[in-house]
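Novice: Protein chains in written order, with this note's numbering: chain A, 1 to 312; chain B, 1 to 312.
A portion of the hints provided could be inaccurate.
Repeated chains share a single entry, so a pair holds when one copy, or any two copies, can fit it.
The calculated lysine-lysine pairs, modelled on PhoX-like cross-linking and capped at a C-alpha distance of 25 Å, are [stated by the list, open to error]:
1. Lys174 with Lys152
2. Lys38 with Lys131
3. Lys35 with Lys57
4. Lys174 with Lys188
5. Lys130 with Lys85
6. Lys203 with Lys174
7. Lys85 with Lys131
8. Lys130 with Lys35
9. Lys35 with Lys131
10. Lys85 with Lys56
11. Lys38 with Lys130
12. Lys11 with Lys95
13. Lys227 with Lys11
14. Lys97 with Lys11
15. Lys11 with Lys234
16. Lys234 with Lys203
Since the hints were made in silico from the structure, they are not lab data.
There are 2 protein chains.
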Amino acid sequence: MFVDRLIRKIKETNNPSVVGLDPRLEFIPSHIREKAFKDEGEGLPGAAAAILDFNKKIIDSVYDIVPAVKPQLAYYEMYGIEGIKAFYETVQYAKSKGLIVIADGKRNDIGSTAEAYSSAHLGSAAINGKKVQVFDADALTVNPYPGYDGIKPFISDCELYGKGIFILVKTSNKSSGQLQDLLTQYGKSIYEIVAELVNDWGKAQTGEFGYSSIGAVVGATYPNQAKILRGIMKKAYILVPGYGAQGGTAKDAAHCFNKDGLGAVINASRSIMCAYQSEKWASVFSEEEFEKACRAEALSMKDEINAVLGTA
Amino acid sequence: MFVDRLIRKIKETNNPSVVGLDPRLEFIPSHIREKAFKDEGEGLPGAAAAILDFNKKIIDSVYDIVPAVKPQLAYYEMYGIEGIKAFYETVQYAKSKGLIVIADGKRNDIGSTAEAYSSAHLGSAAINGKKVQVFDADALTVNPYPGYDGIKPFISDCELYGKGIFILVKTSNKSSGQLQDLLTQYGKSIYEIVAELVNDWGKAQTGEFGYSSIGAVVGATYPNQAKILRGIMKKAYILVPGYGAQGGTAKDAAHCFNKDGLGAVINASRSIMCAYQSEKWASVFSEEEFEKACRAEALSMKDEINAVLGTA
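Full structure from sequences and hints, please.
Specialist: This is the structure in structure tokens:
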């Protein structure tokens, strides 16, 4: 079961955080970019080679201290077929290092189409009666706008393949309230109603620690809503974006945890990937030593979270 | 401008319909599947070869009588890297035949990530200062759950590259009402509020026929809501799924049009792709003649819509 594997990895590393792999070219140290462009040309293949090399080096630098990585599909799709190949290879490489992989795709559609997305990322495609696993991540982020029949195929594959999903409840961006904060006739906001649904949908997928593989996304940038949402979804694992570069702190994100110190994982992308460019680490590590900066920042984030949670 | 190109093609073909390219393997005639599996093996490359061959034959059979095609990304993603390659080649082939291509991806995320999706499908990726167009569809479907800052990057590329988007307002599936029909504190449902936003967001993208390149998705399966939504979004082009296999009729979809006979395009996927398997056409065309069945069904759909719209 996904949620149990995730919790075991979190306990093993004593680290409830996730490294986001959003490899924009401008984040990648110039020696990696230059080598990739020299080898593969300055087009999509060169860009894809650069992001794969970058990702592998980040994974090498953190795989023993973090439980999971979260590649953001958009940054691979942006580099076309070659980018998708880099995504696939990133997923496989991270898994080979024992990391849990959360594919961040925010996929969604009506039932039959959601089934195809689920086959792509969690389950398998049936080809002439044979089941073929495709991208085979451990979990996928999904968007709830189409309602239950767009979510059900993912839940079925979670059960069948021991995978997980994180359903968007309250996103970390500025305009997230435009729809998500609207108050409904039931005196509850949309994000509260989605949270109740997530709770409901996840009941059958509860693991040995009492948590569900049907999780939620709640931005660290909205600590007050996080408090409310933790109360509604007592058993959903919460994926928390918005930490670091987006302005959310460990203290903000702490509202997503339960008193057992479990219940959430905090994602950081840019602050770890670009640690070598930061005020904090640029004077300590050179650009060529960017992996060391990644590791130092990941450890510093871990300490910060554990201090706030009182689990240090 | 996207919407003007679309309208010109609709007028040229006298056909406000779109052929959905959702190539599930079970939809593909056995002679095409067998050849692909023989040439490429019974794995993902074979599946991808089958769907590309199938798509090309469908495109060949309808490109002169329909204005646009709508490949559904999920059915390509399901076949991995090879599937995405088939998607890319389908888009390019359809464009080479003069068709408008609507990539159906329901993409969405916070601002910076939405920008990457937009670069992938509508705009271009910047690689070492050079702009590279990636999948380069004419339009993309997007999900509004993150609010305006998740939509803005797509709108910018629409303006810059003459592209379009269709924002999910009311989806065609059974459970679409679970969130979309919720009544808010303003006495309006979520789908009405999204419609007002679509209207607002699209104002700057109005073309020579008075319509906007910032369009909406409204399911043919909800004719009453369609009537209301057409009233709210007078100028948004509406993409109407749910016709045919999902149960929506031309009469249902007609509510999405304005009195000028414009304002909407109706999508049919399975009813055209699988026409050769249908009661209506199976006795007329053999499986080997499936292209003829596609064309016959596309023409029959065109006539049905035009009869209802009074534009026959």
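Novice: Hint by hint, note whether the structure agrees.
Specialist: Hint-by-hint comparison with the structure:
1. Lys174 with Lys152: between (29 Å within a copy, 12 Å between copies)
2. Lys38 with Lys131: Close across copies (18 Å), not inside one copy (39 Å); limit 25 Å.
3. Lys35 with Lys57: For lysine 35 and lysine 57, the Cα distance is within 25 Å only inside one copy (14 Å; across copies 42 Å).
4. Lys174 with Lys188: Result: close both inside a copy and across copies, 20 Å intra and 23 Å inter.
5. Lys130 with Lys85: both (23 Å within a copy, 22 Å between copies)
6. Lys203 with Lys174: This pair counts as between: shortest inter-copy Cα distance 22 Å, intra-copy 31 Å.
7. Lys85 with Lys131: both (20 Å within a copy, 21 Å between copies)
8. Lys130 with Lys35: So lysine 130 and lysine 35 pass the 25 Å test across copies only (18 Å; inside, 40 Å).
9. Lys35 with Lys131: between (38 Å within a copy, 20 Å between copies)
10. Lys85 with Lys56: Both, since 14 Å and 24 Å are each at most 25 Å.
11. Lys38 with Lys130: between (41 Å within a copy, 16 Å between copies)
12. Lys11 with Lys95: within (18 Å within a copy, 52 Å between copies)
13. Lys227 with Lys11: within (23 Å within a copy, 54 Å between copies)
14. Lys97 with Lys11: Answer is within; shortest intra-copy Cα gap is 17 Å, inter-copy 56 Å.
15. Lys11 with Lys234: within (19 Å within a copy, 55 Å between copies)
16. Lys234 with Lys203: within (11 Å within a copy, 43 Å between copies)
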